[in-house]
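Q: Let chain A serve as the given structure and place chain B on it in line with the hints.
Spelled out, the chains give:
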Amino acid sequence: MWDWDYAWEILPILGEASLITLQATVLGFLMALVLGLILAVLRMMGPKPVRYLVAGFIEFVRSTPLLIQIFFLYYVLPQFGIAMGAMLTGVIALGTHYGAYCSEVYRAGLEGVPKGQWEASTALNLPMSVTFRDVILPQAVPPIVPALGNYLVALFKETPLLSAIAVMELMQTAKILGSESFKYVEPITLVGLFFLCFSLVSAFLIRRFERRLNRQIRLS
Amino acid sequence: MKTESTPMVQFDNVCKRYGELVVLDDLNLSIAKNEKVAIIGPSGSGKTTVLRMLMTLESIDDGVIYVDGEPLTHQRQSGRLVPADKRHLRQTRGQVGMVFQHFNLFGHMTAIQNCMQAPISVMGMTKPQARELALDLLSMVGLADKVDQYPAQLSGGQQQRVAIARALAMRPKVMLFDEVTSALDPELCGEVLSVIRKLGEQHDLTMLMVTHQMGFAKEFADRVCFFDQGKIAEEGPAETFFDSPQHPRTKQFLQAVMQAT
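Respectively, the protein sequence lines represent chains A and B.
Heads up: the first sequence begins at 1 in our numbering, then just goes up one per residue.
Heads up: the second sequence begins at 221 in our numbering, then just goes up one per residue.
Only chain A is shown next, with the shape it has when bound in the complex (with noise of 0.2 angstroms):
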């Protein structure tokens, strides 16, 4: 049933197939983090049309499945001239599918600073730019930093969806591996356990993260 020899043979290949996965992951969420702030400025603080505009795209991007989108990205794109290579397309459709939810968290962050924090900014005539940077951000990124942790390992989970488009990371590894080997259980079963393992990890870490920044925050 469980080839040891076998496992130990694939489990190179499958640390090689990793690094993309994690290059992925990082690479996606990092979008992710930067789209959705955009995103929940401009919903919030845009022109009306604008609101609009990035609200419906935001309830688009969260209503219609990962996968279709990286389809979509990936051959219907190129029809209109916009080529891109696999790893790329999947890192955009990562960042922008998990910046669509990002954005709304921001947006709970955001609302959750007091309205006074704004209006102490204005009399004390801070420029917007460094009302939001030095005064607003720092007091609502704290508080929502949980819930963009969960939404790393959520992306984590989810980059074998990329196999769909042949990024040669862990999942499609493994199905090629099992294909030519006819021995699915062994690749299949390591590439589980890698991110079984390093979801845990990074709850951890994103715990410990979270009782540091809970400590500033009691003190401030």
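Treat the hints with care, since some could be wrong.
In silico DSBU-like pairs for lysine-lysine, Cα to Cα no more than 35 angstroms straight-line [as the list claims (entries may be wrong)]:
1. 347/B with 115/A
2. 115/A with 306/B
3. 306/B with 451/B
4. 393/B with 366/B
5. 438/B with 471/B
6. 366/B with 115/A
7. 438/B with 451/B
8. 115/A with 438/B
9. 418/B with 451/B
10. 418/B with 347/B
11. 115/A with 48/A
12. 418/B with 253/B
13. 48/A with 306/B
14. 393/B with 471/B
15. 253/B with 393/B
16. 347/B with 306/B
17. 393/B with 306/B
18. 451/B with 115/A
19. 253/B with 451/B
20. 471/B with 451/B
21. 253/B with 438/B
22. 115/A with 393/B
23. 157/A with 175/A
24. 418/B with 366/B
25. 418/B with 115/A
26. 115/A with 253/B
27. 438/B with 366/B
So the derived list for chain A, only partly shown, Cβ under 8 angstroms to chain B, looks like this [claimed, not checked]:
28. 120
29. 123
30. 126
31. 130
32. 134
Read the hints as simulated data drawn from the structure, not as lab findings.
These figures come from a predicted structure and were not determined experimentally.
Just so you know, even glycine gets a beta-carbon here, dropped at the ideal spot from N, CA and C.
A: Only chain B this time, still in chain A's reference frame:
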């Protein structure tokens, strides 16, 4: 066009409405340089709105406010007044400082950081310059030993004094105090009021305060304005206002307040 007699603050037929509700009805009020004016009145009479409009936190539906002869939210253009652009607004707003009922200190910054932020990012001071200024002001309000504390580590009275120092750091000509002792325990009011008293003696400052502390208003203010239903129902020098109010609404209000304290 600016002379010694130019009022520091002037409300010219200013109106404020929220839908059907008229908050301020055709307000005309002129405040001289260095004058201390107390605004009193029942809640909902529009008195806080007066300060908030002057701080540009509230839009004006009609009329013009002048600060030191310059229209606040308008600018002159070929002889006419048009809505001000950002630059003009920032320039005139810089003359006004405000202290809020709930302090509104930046919670993630220490006392001194609260006082340094605006001098650095608005006036372009260097960090050492801003630090020196902030230390001076925090000493002036009696908090030289608390400069590195966060707001949450300070009492309400101490927070409010930091807020006063923070507003003063911008060197305003007009200071607005919006019920600055209302959120404080009674025993902490004194320390804040004595800082305001000190400001009145030491600095060239025009002061406008909304307050429920009648004793302080009588002692400190040059003039008292009693607001009722969006209008100034009665105004006069502090002494005569409190000792012989004319308007029946004023009498009634003062009586009710006296009974409560």
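Q: Straight-line Cα separation of residue 393/B and residue 306/B no greater than 35 angstroms?
A: Roughly 20 angstroms separates the two Cα atoms, so the pair holds.
Q: Can the restraint linking residue 157/A and residue 175/A be considered satisfied, given a maximum Cα separation of 35 angstroms?
A: Cα-Cα ~17 angstroms, so holds.
Q: Compare the distance between the alpha carbons of residue 253/B and residue 438/B with 35 angstroms, and conclude whether the hinted pair is satisfied.
A: holds (19 angstroms)
Q: Does residue 366/B lie within 35 angstroms of residue 393/B when you go C-alpha to C-alpha?
A: Within the cut-off at roughly 27 angstroms; holds.
Q: With a cut-off of 35 angstroms on the C-alpha distance, tell me whether residue 438/B and residue 471/B pass.
A: holds (15 angstroms)
Q: CA of residue 418/B to CA of residue 347/B, is that 35 angstroms or under?
A: holds (27 angstroms)
Q: Holds or violated: residue 253/B and residue 451/B, Cα atoms, limit 35 angstroms.
A: Holds: residue 253/B and residue 451/B sit about 23 angstroms apart, inside 35 angstroms.
Q: Does residue 115/A sit within 35 angstroms of residue 347/B, going by the straight-line distance between their CA atoms?
A: holds (28 angstroms)
Q: Is residue 451/B within 35 angstroms of residue 115/A, Cα to Cα?
A: At roughly 27 angstroms apart (the allowed maximum being 35 angstroms), residue 115/A and residue 451/B satisfy the hint.
Q: Do the alpha carbons of residue 418/B and residue 366/B lie within 35 angstroms of each other, as the hint requires?
A: Given that 35 angstroms is the threshold and the Cα spacing comes to 20 angstroms, the pair holds.
Q: Under the criterion of a CB-CB separation shorter than 8 angstroms, is residue 130/A in contact with chain B as hinted?
A: Constraint on residue 130/A satisfied, holds at 5 angstroms.
Q: Holds or violated: is the Cβ of residue 120/A closer than 8 angstroms to a Cβ in chain B?
A: holds (4 angstroms)
Checked against the numbered hints above, the structure violates none of them.
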